[in-house]
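Enquirer: Sequence:
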Amino acid sequence: MTDSAFVQIRRDLHQIPEPGFAEYKTQRYLLDYLERLPQERLQIRTWRTGILVRVRGLHPRRTIAWRADMDGLPIREETTYPFRSKHEGYMHACGHDMHMAIGLGILTHFVHHPVDDDLLFVFQPAEEGPGGAKPMMESEEFAEWRPDCIFALHIAPEYPVGHIATKPGILFANTSELMIELIGKGGTRPFPTRQTTWWWRPAIW
3 MTDSAFVQIR
13 RDLHQIPEPG
23 FAEYKTQRYL
33 LDYLERLPQE
43 RLQIRTWRTG
53 ILVRVRGLHP
63 RRTIAWRADM
73 DGLPIREETT
83 YPFRSKHEGY
93 MHACGHDMHM
103 AIGLGILTHF
113 VHHPVDDDLL
123 FVFQPAEEGP
133 GGAKPMMESE
143 EFAEWRPDCI
153 FALHIAPEYP
163 VGHIATKPGI
173 LFANTSELMI
183 ELIGKGGTRP
193 FPTRQTTWWW
203 RPAIW
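So the mapping is simple: the numbering used here equals the position in the sequence shown, first residue as 1, plus 2.
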């Protein structure tokens, strides 16, 4: 397939964003594509609204996984693109449509050009809130094909098309949050030094 074919796949997926664990149209779209590929080395399983696809290797010693998230965000799309969201109130605003299209592109390449090791493609639902990763990894379907390592990427529009950025060691696309609750004597803005919590601010900020 050509690059333009995967551009169209991304645009098709962009039009059908769905919330976590409700990616029914998205799952069907991906399955329709996968079922049109040569099936000799392909094994396909579903888990809830997610999909696991194994591409059997020529002489497997390990399993290498590639993960793509599937869900959209509860955001109203305000673009004028002809491929804008058809689902009012939802949008692929975090690039998951591109992640899936890239995943299909990589998968398609290795279906036609198999390598020694087994490859597992994980199309994971519910990345944006419900938390689909943990229950999917704990599922029986995942356990049987459990990979030795998992790779993924995140779209970074600040880089030129065709470039991939990384760094040594672990690189996470998510943020980590720390909630601190201060309990003590309150006060009023004109007299900040009279409230207990005021003394903690320099240490926190």
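If you are wondering where the hints come from, they were derived from the structure by calculation, not from laboratory data.
Ideal Cβ placement from N, Cα and C applies to all residues, glycine included.
A few of these clues could be false.
[As the list claims (entries may be wrong)] Pairwise CB distance ranges, derived in the manner of DEER restraints:
1) 141 with 162: 17 to 23 Å
2) 162 with 107: 17 to 23 Å
3) 184 with 6: 45 to 51 Å
4) 169 with 147: 36 to 42 Å
5) 156 with 196: 43 to 49 Å
6) 111 with 152: 16 to 22 Å
[Claimed, not checked] Within a straight-line C-alpha distance of at most 16 Å, the following computed EDC-like cross-link-like pairs (lysine to aspartate or glutamate) qualify:
7) 88 with 150
8) 27 with 80
9) 88 with 20
10) 27 with 42
Enquirer: All hints, please: hold or fail.
Expert: Against the structure, the hints:
Evaluation of the 17 to 23 Å hint for residue 141 and residue 162 yields a failure: the beta carbon distance comes to about 38 Å. Between residue 162 and residue 107 the CB atoms are about 18 Å apart, so this pair conforms to the stated range of 17 to 23 Å. Hint check: residue 184 to residue 6, Cβ distance near 55 Å, so the stated range 45 to 51 Å is violated. At about 29 Å, the beta-carbon gap between residue 169 and residue 147 misses the expected band of 36 to 42 Å.
Taken as a hint, the range 43 to 49 Å holds for the pair residue 156 and residue 196, whose Cβ atoms sit roughly 46 Å apart. The hint said 16 to 22 Å for the Cβ distance between residue 111 and residue 152, and at roughly 18 Å that hint holds. Only pairs whose Cα atoms come within 16 Å are accepted, and residue 88 paired with residue 150 is rejected, the gap being roughly 38 Å. Proximity of residue 27 to residue 80 is assessed by CA-CA distance (about 22 Å); at most 16 Å being required, the pair is judged violated.
Proximity of residue 88 to residue 20 is assessed by CA-CA distance (about 10 Å); at most 16 Å being required, the pair is judged to hold. A C-alpha spacing of about 26 Å is found between residue 27 and residue 42, which places the hinted pair above 16 Å, so the restraint is violated.
Of the numbered hints given earlier, the model fails hints 1, 3, 4, 7, 8 and 10; all others are met.
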